[in-house]
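> Here is how the chains run, residue by residue.
Number of protein chains: 2
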Amino acid sequence: MTDSENEGNSLDLRHQEKMRRRKEIQDREVAGKSVEKGLLVVHTGPGKGKSTAAFGLALRMLGHGRRVVVVQFIKGAWQTGERAALARFDDLLEWHTMGEGFTWETQDRARDIAACARAWDVARAALARDDVALVILDELNIALRYDHLPLDRVLAGLRARPAMQHVVVTGRNAKLDLIADADLVTEMTLVKHHFRAGVKSQEGIEF
Amino acid sequence: MTDSENEGNSLDLRHQEKMRRRKEIQDREVAGKSVEKGLLVVHTGPGKGKSTAAFGLALRMLGHGRRVVVVQFIKGAWQTGERAALARFDDLLEWHTMGEGFTWETQDRARDIAACARAWDVARAALARDDVALVILDELNIALRYDHLPLDRVLAGLRARPAMQHVVVTGRNAKLDLIADADLVTEMTLVKHHFRAGVKSQEGIEF
Chain A
16 MTDSENEGNS
26 LDLRHQEKMR
36 RRKEIQDREV
46 AGKSVEKGLL
56 VVHTGPGKGK
66 STAAFGLALR
76 MLGHGRRVVV
86 VQFIKGAWQT
96 GERAALARFD
106 DLLEWHTMGE
116 GFTWETQDRA
126 RDIAACARAW
136 DVARAALARD
146 DVALVILDEL
156 NIALRYDHLP
166 LDRVLAGLRA
176 RPAMQHVVVT
186 GRNAKLDLIA
196 DADLVTEMTL
206 VKHHFRAGVK
216 SQEGIEF
Chain B
16 MTDSENEGNS
26 LDLRHQEKMR
36 RRKEIQDREV
46 AGKSVEKGLL
56 VVHTGPGKGK
66 STAAFGLALR
76 MLGHGRRVVV
86 VQFIKGAWQT
96 GERAALARFD
106 DLLEWHTMGE
116 GFTWETQDRA
126 RDIAACARAW
136 DVARAALARD
146 DVALVILDEL
156 NIALRYDHLP
166 LDRVLAGLRA
176 RPAMQHVVVT
186 GRNAKLDLIA
196 DADLVTEMTL
206 VKHHFRAGVK
216 SQEGIEF
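As you go down the protein sequences, you meet chains A and B in turn. For this note's numbering, add 15 to where a residue sits in the first sequence, where the first one is 1. For this note's numbering, add 15 to where a residue sits in the second sequence, where the first one is 1.
These are calculated hints, taken from the structure and not from any lab test. For every residue, glycine included, the Cβ atom is placed at its ideal position computed from N, Cα and C. A few of these clues could be false.
[What the hints assert, rightly or not] Here are the simulated DSSO-like pairs of lysine-lysine, each with C-alpha atoms no more than 30 Å apart in a straight line:
no., chain 1, residue 1, chain 2, residue 2
1, B, K38, B, K48
2, A, K52, B, K190
3, B, K52, A, K33
4, B, K33, B, K52
5, A, K207, A, K190
6, B, K207, A, K215
7, A, K207, B, K38
8, B, K48, A, K33
9, B, K207, A, K33
10, B, K33, B, K48
11, B, K190, B, K207
12, A, K52, A, K38
13, A, K207, B, K215
14, A, K215, B, K215
15, A, K52, A, K207
[Said to hold, decoys possible] Non-contacting residues of chain A with respect to chain B, defined by C-beta distances greater than 12 Å in every case (computed):
no., residue
16, E44
17, R133
18, P165
19, R211
[As the list claims (entries may be wrong)] Here are the computed distance ranges between Cβ atoms for each label pair:
no., chain 1, residue 1, chain 2, residue 2, range
20, A, K48, B, R126, 39 to 47 Å
21, A, R144, B, G80, 29 to 37 Å
22, B, G47, A, E32, 39 to 47 Å
23, A, R174, B, R126, 44 to 52 Å
24, B, R174, A, R168, 48 to 56 Å
25, A, D196, B, R133, 40 to 48 Å
26, A, D106, B, N24, 41 to 49 Å
27, A, D162, B, I128, 54 to 62 Å
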């Protein structure tokens, strides 16, 4: 065996030993977790991917043949791509677009509040069904931020849902009381954005 | 008109004026963007949602009837939910699982490097096709981090792709040179995680 073969072998062996120890730790961690519960998941922060990751989670759930309800609180005509794609799952997925666009599109506070109230009624109905495995409350954080919905009522509705039902709430500026109740919170942080470089919205990326 | 009606009206009018100004700014910003290009998108950071958001983007692209290729560099048996769901799109989607699990599962560095080299060959083929609108290089950052693939070769391959092709690279610890080349970088930050509270991996959430 040459020196360099020896060196390669020794590197491989050290790697193997390191990974063996890492696997032991991983296995122990996995064995230590036994709770099963419906999670309250929050996707917040100024970065992209909050709603997109929620729809990715919908896809995962649908792949297991389980029922998903999406309620959109703010966006209207957006997400045409996802809607078209998810139409292939109309046996398992219900999609409710209740918002009428961003508040700077409608420019009508009373109308926005009324739209949010209607969206919450639809959400509450989904949160009461134990045949629904996942409820996505898209841009609910925006509705809460503008006080278009009372936070207490929303938190009570979330707490009263079936024990095994998962919920994802998306939108910037998640309320602290919602984060306190949540099981999993991810903040999407903007590191670099192509809009700054003059690139416009493109099919399949922004819509 | 009562005082409280007057007050409500005045609040509504102030809101309307504020939102009108905001819409002007938005419209001006949108009008200022004219570039169309294939984006290099990076999802990194320790939080959840990096791959999930990438698959959500795949969904959006598929909804527009455009072709998507997924190459998984590390994960093997994971993401069973997404795979099952995306099987409904086999007319538009190609999915290549090239990795054999995390490095602490295989415990074999030489085998990991060989698997990464095979995955990169498949990726390069997709990056050369202008009928492919989106290429997802899932967990490529992990392969680069462990130096299982030469960074220069990967960056050259990404730069040589068709001008309108979008790419998403996922995984923790994205290399700085990759971030420098990217158009859109999002860091998923972990705020709170249910594993800490003893909750185990559940169908439709983790797999």
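> Please go over all the hints and tell whether each is borne out by the structure.
We went through each hint and held it up to the structure:
Our distance criterion of 30 Å between C-alpha atoms is met by K38 of chain B and K48 of chain B, whose separation comes to about 16 Å. Restraint check for K52 of chain A and K190 of chain B: not satisfied, since their Cα atoms lie roughly 36 Å apart, outside the 30 Å limit. Straight-line distance between C-alpha atoms of K52 of chain B and K33 of chain A comes to about 43 Å, which puts the hinted pair past the 30 Å bound. A hinted pair counts as satisfied when its Cα atoms are at most 30 Å apart, and K33 of chain B with K52 of chain B does not qualify at roughly 34 Å.
Simply put, K207 of chain A and K190 of chain A have alpha-carbon atoms about 25 Å apart, close enough for the 30 Å limit, and the pair holds. For the hint linking K207 of chain B to K215 of chain A, the alpha-carbon distance of about 34 Å lies beyond 30 Å, and the restraint is violated. The straight-line distance between the Cα atoms of K207 of chain A and K38 of chain B is roughly 24 Å, inside the 30 Å bound, and the hint therefore holds. In summary, the hint linking K48 of chain B to K33 of chain A is not supported, as the alpha carbons are separated by about 50 Å, beyond the 30 Å threshold.
Taking the CA atoms of K207 of chain B and K33 of chain A, the gap is near 28 Å; set against the 30 Å cutoff, the hint holds. For the hint linking K33 of chain B to K48 of chain B, the alpha-carbon distance of about 24 Å falls within 30 Å, and the restraint holds. Restraint check for K190 of chain B and K207 of chain B: the C-alpha separation of about 25 Å stays at or below 30 Å, so the hint holds. For the suggested pair K52 of chain A and K38 of chain A, the alpha carbons sit about 26 Å apart, so the restraint of at most 30 Å is met.
This hinted pair does not check out: K207 of chain A and K215 of chain B have alpha carbons roughly 34 Å apart, beyond 30 Å. Under the criterion of a C-alpha separation no larger than 30 Å, the hint pairing K215 of chain A with K215 of chain B is inconsistent with the structure, at around 41 Å. The suggested pairing of K52 of chain A with K207 of chain A is violated, with an alpha-carbon distance near 36 Å, which exceeds 30 Å. Consistency note on E44 of chain A: stated as away from chain B, yet its beta-carbon is not over 12 Å from all of that chain's, at 8 Å minimum.
Here R133 of chain A stays apart from chain B, with its beta-carbon at least about 19 Å from theirs, past the 12 Å limit. Interface exclusion of P165 of chain A from chain B stands, the closest Cβ pair being 17 Å apart, more than 12 Å. For R211 of chain A, the shortest C-beta to C-beta distance to chain B comes to about 10 Å, within the 12 Å cut-off, and the non-interface label is violated. The given range of 39 to 47 Å is broken by K48 of chain A and R126 of chain B, whose C-beta atoms sit roughly 29 Å from each other.
With their beta carbons about 33 Å apart, R144 of chain A and G80 of chain B fall inside the hinted range of 29 to 37 Å. At about 56 Å, the CB distance of G47 of chain B to E32 of chain A disagrees with the hint of 39 to 47 Å. Our hint of 44 to 52 Å for R174 of chain A and R126 of chain B holds, since their Cβ atoms are close to 48 Å apart. A C-beta distance of roughly 52 Å is found between R174 of chain B and R168 of chain A, which places it inside the suggested range of 48 to 56 Å.
The hinted range of 40 to 48 Å is satisfied by D196 of chain A and R133 of chain B, whose Cβ atoms lie roughly 45 Å apart. A C-beta distance of roughly 47 Å is found between D106 of chain A and N24 of chain B, which places it inside the suggested range of 41 to 49 Å. The beta-carbon spacing between D162 of chain A and I128 of chain B, approximately 55 Å, falls within the hinted interval of 54 to 62 Å.
When the structure is compared with the earlier hints, violations turn up for hints 2, 3, 4, 6, 8, 13, 14, 15, 16, 19, 20, 22 and for no others.
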